[in-house]
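Residue numbers (this note's numbering), protein chains in the order written: chain A, 527 to 776; chain B, 662 to 870.
These are calculated hints, taken from the structure and not from any lab test.
Treat the hints with care, since some could be wrong.
Claimed, not checked - Okay, derived cross-link-like pairs now, DSSO-like style, lysine-lysine, Cα gap no bigger than 27 Å in a straight line:
| # | chain 1 | residue 1 | chain 2 | residue 2 |
| --- | --- | --- | --- | --- |
| 1 | B | 797 | B | 838 |
| 2 | B | 797 | B | 847 |
| 3 | A | 710 | B | 688 |
| 4 | B | 680 | A | 710 |
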Amino acid sequence: MITCEHARQLFDRYLDGELSPSLQAELHAHRLSCSLCQSELAMLEACGDVILLDRSEPTVSASFTDRVMSAYVSRRAHQPRRRLVRAAMMVASPMAAAASLLLAVVLVTPDTPQPPSLVAGDSASVPEFLRNMAGDPSPGEAAEEIKVIPQMPAAGFMQAWITEVDGWTDDTLSRARAGFDELKLLLHEARRDTHDQLVAGYRSAPESETATQDDAIEGTLPAWDLPGTLWSPSEPSDEASQGLLLDQPL
Amino acid sequence: MIRRQAEKSAPRLTRRTEKRLIAQISKGCEASARELVEAHQDRLFAFVWRVLRNREDAEEVCQEAFLRAFGSLDSFSPEYRFSTWLFTIAYRLCLNLIRRRRALTGELDFAELPSRDQDVSDRFAESEEARRLKDKIWEAVDRLSVPQRAAVLLFYREGMSCDQIARTLSIPMATAKSHLHRARGKLRDSLSGLVEDWSHLEALREAAS
Numbered sequence: 527m528i529t530c531e532h533a534r535q536l537f538d539r540y541l542d543g544e545l546s547p548s549l550q551a552e553l554h555a556h557r558l559s560c561s562l563c564q565s566e567l568a569m570l571e572a573c574g575d576v577i578l579l580d581r582s583e584p585t586v587s588a589s590f591t592d593r594v595m596s597a598y599v600s601r602r603a604h605q606p607r608r609r610l611v612r613a614a615m616m617v618a619s620p621m622a623a624a625a626s627l628l629l630a631v632v633l634v635t636p637d638t639p640q641p642p643s644l645v646a647g648d649s650a651s652v653p654e655f656l657r658n659m660a661g662d663p664s665p666g667e668a669a670e671e672i673k674v675i676p677q678m679p680a681a682g683f684m685q686a687w688i689t690e691v692d693g694w695t696d697d698t699l700s701r702a703r704a705g706f707d708e709l710k711l712l713l714h715e716a717r718r719d720t721h722d723q724l725v726a727g728y729r730s731a732p733e734s735e736t737a738t739q740d741d742a743i744e745g746t747l748p749a750w751d752l753p754g755t756l757w758s759p760s761e762p763s764d765e766a767s768q769g770l771l772l773d774q775p776l
Numbered sequence: 662m663i664r665r666q667a668e669k670s671a672p673r674l675t676r677r678t679e680k681r682l683i684a685q686i687s688k689g690c691e692a693s694a695r696e697l698v699e700a701h702q703d704r705l706f707a708f709v710w711r712v713l714r715n716r717e718d719a720e721e722v723c724q725e726a727f728l729r730a731f732g733s734l735d736s737f738s739p740e741y742r743f744s745t746w747l748f749t750i751a752y753r754l755c756l757n758l759i760r761r762r763r764a765l766t767g768e769l770d771f772a773e774l775p776s777r778d779q780d781v782s783d784r785f786a787e788s789e790e791a792r793r794l795k796d797k798i799w800e801a802v803d804r805l806s807v808p809q810r811a812a813v814l815l816f817y818r819e820g821m822s823c824d825q826i827a828r829t830l831s832i833p834m835a836t837a838k839s840h841l842h843r844a845r846g847k848l849r850d851s852l853s854g855l856v857e858d859w860s861h862l863e864a865l866r867e868a869a870s
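The shape of chain B in the complex, shown without the other chains (with noise of 0.2 Å):
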C-alpha cells in the first residue's frame, strides 16, 4: 500500500514555522495570521468540501474554523498540529451543520444530493476507463457516513494515523479504526462488481501519480 503524503496542496508548515507564526498572532500580527490562513486554506477546503459538498457551506465552514482558532490560540496546546486543531473545529461546524440541515429538510444526506459544484475543471489526466472508475470510486466515498468518509479523507488525503483521527474527530481511537475499516468493507461492497481484475488497474494508480 502506497502512504505518501498530498504532494500536490500547498507545502505543510514545519512546527517551528507553525509556532512562530501562533507566537505572533497571539500578539496581533495580521501578516502571520494571513500565512497560516493560506498554508491551510486548500488542505481544510477539500476536506469539508467532500464532507459536505457544498461550495459556499464549505467556504462558510472554513471562514469560521479559521476565526475560532485565530479567536481561541490561547487554549491551542502546541503539543499538537495546529492543523489536527484546525480540522478537528471545521469538523464539528460540518456536524452543527449538517444537523441543522437535517432539522430543516428531515432525514436527508448531503452525500445524496447531486453536488452542485459538477462544473469543475478535471485536472486528472486519465484514460476513459480511468476516469470512470475513479468517479465511481468518488460516488461510493461519498455515500459513506458521514464520520466514515471524515476517516478516510483524514486517512488518506491527510495522511493521519489512526491516533490522530481520533483526536480529529473527538472520538476513541477504536471508533476511529472500526469508521476506517467499515468504510474501507462499503467500498468494496460498492465497486467490487465494476471490474473483473482491479490488479490490472496499474494504469489508475499511474495516472493519478
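Pulled out of the complex, with its shape left as it was, chain A reads as follows (with noise of 0.2 Å):
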C-alpha cells in the first residue's frame, strides 16, 4: 500500500490520463482506505468537472458573426495589391535564380576545354579512328588505359553541383508555377469584379436597356466569370458599358 506522500504525487499524472493502470490500481486503493487524499482528489476533480462542463460565461453576441464577416470581406478587398506583388515575386524570383545561373555557368566555365597536360610516360587514351589510323595491334591494352585515366577533380564537382542545380530546378519552377496560379486566379477575381461593377452600374442605369447576369450567363455580355475566358476591354456589348468601363477604371 502507497503512503499518503507517495499518492500526492502521483496526483497531477492520474489527473493528466498519464498514471499506468498499476499505479492507478494502487492509487484507487489508496483513496479508499484515506479519507484525506479522497476528498482533495475529488476536489480536483470537482475543478476539472466545472470547467468542463460549467457554462457561466457569457456567450457571444448574435452580430458577432456579421461582424467578423464583413471585416473580412473589407480586408480581402485591399488583399489583391499584397497577393499580386507575393505572386509576382513568386514567378519573378525562379527567373532571377534562373539568371543569375546562368551567369555563373558563363563565368566559371573557362572559354576553351583545357587538355589535361602530359609528360613523357604518361598514358593517354587513343580514339579508335586514330589507333585505326595508326595501325594500332593492341586496342585492348588502350581500352585499358582508359580506364586507368583518372578524372579530372572538376568533374566530380562540376556533377554535384549539376544535381544540386537540378533540385533548385524543380523546387524552383513549382514556386513558379504557384506564382503563375496565384497570377491568374487574381485576374480571373479582377474579371468577375468588373463584371459585377459594370452589371450594378449597367442596372442603376435609368435609360440604358437592362442587361442582367443572366445576359452575362447567356452571352451578350462576355462571361469573365467562366475560367480561361480572356476578356478584353473593347468586348463590352453596348455604348453604355464602354462607358462604364471608362468612368470606372479598373
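These two chains come separately, so use the hints to put the complex back together.
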C-alpha cells in the first residue's frame, strides 16, 4: 500500500491521464482507505468538471459572425495588391535565380576546354579512329588505359553541382507555377469584380436597356466569370457598358 | 478522473471538413469562412473571455484572431487542427492586450478586476451549495496567472493534451505541464478550507453533467 505522500505525488500524473494501470490501481486502493487523499482528489476532479461543463461565461453577441464576415470582406478587398506582389515575386524570383545561374555558368566555365598536360611516360587514351589510322595492334591495352585515366577533380564537383542545380530547378519551377496560378486567379477575380461593377452600374443606369447577370451567362455580355475566358475592354456589348468602363477604371 | 469533450459547445468539425473549408476559403469562398467562424466562435470566445474577463475585449480579440487566421491561411500547416492555430493566435492577442493594459494601468491583473458581465444568465441548475462551490472554483481559476489559467482551460475545456497546450501557448511541453500542475496546486490551496470532505460532493458533479 502506498503512503499519502506517495499518493499525492501521483495526483498530477493521474489527472493528466498519464498514470500506468498498476499505479492507478494502487492510487484507488489508497483513496478508499484515506479520507484526506480521497477528499483532495475529489476536489481537483470537481474543479476539472466545473471548468469542463459549467457554461457561466457570457455568450458571444448575436451579430458577432456578421461583424467578422464584413471585416473579412473589407480586408480581402485590400488584399489583391499584396497578393499580386507576392505572386509576382513567386514568378520573378525563379527567373532571377535562373539568370544568376546562367551568369555563374558563363563566368565559371572556361572558354576552351583545357586538355590535361602530359609528360613523357604518361598514358593517354587514343580514339578508335586514330588507333585504326596508326594500325595499333593492341586495342585491348588501349581500352585498359582508358580505364585508368583519372577524372579531372573538377568533374566530380561539376556533377554534384549539376545535381544540386537540378533540385533547385524543380523547386523553383514549382514555385513559379504556383505564382502563375495565383496570378491567374487574381486575373479571374479582377474580371469578375469588373463584371459585377458593370452589371451593377448597368442596372442602375436609367435609360440603358437592362443587361442582367443572366445575359452574361447567356453570352450577351462577355462571360468573364468563366475560367479560362480572356476578357478584353473592347468587348462590352453596347455603348452604355463601354461608358461605364471608361468611368470606372480598374 | 473524467476526461470528456465539451459536449455543450458547437459540434466540432472533422479534419476532412476543416481541410475542405480551408481550401475553399483560400479560393475566396465567403460561405466557408462563415461556416468556420460559426463552428469555432463559441469555444474561442469562452476561452478568451476567461482569460480577459471582459466581453468587448474578448469579442475584439476573437474577431482579430479569425481575420488573422484567414489572412494567412497559406502559412497554415494542415497537420495541425485549425482550432489549435486559432487559439494560438487568440492567446497571443490576449497577451498583447494584457501587456498594453498593464503599461497603462501599472501591474494590475485582470483577474483581480470584478467581472463586468455579472448579469450573465446562469444555465447551471444546481443547489445553493453547488452554486457556491462552483463560484468559488471559478474565483480560484481567475486568481491563477494568465498562462496557468490558459493551460487549465485548454486542458479541461478543450480536452487538449500537454503537447497540444504547449503548441497553442508556444511554450515547451515541460513548461505547459508545469503551468498545469502549479495551477492545480493553487486551486487546491485556494479551495482546501471550504469543504470538510469534497468526496461527498458527487451532487456537484452530477449537476455539472
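Results of checking the hints against the structure:
no.: 1; hint: B/797 x B/838; result: holds, 24 Å
no.: 2; hint: B/797 x B/847; result: holds, 13 Å
no.: 3; hint: A/710 x B/688; result: holds, 12 Å
no.: 4; hint: B/680 x A/710; result: holds, 23 Å
Of the numbered hints listed earlier, not one is contradicted by the structure.
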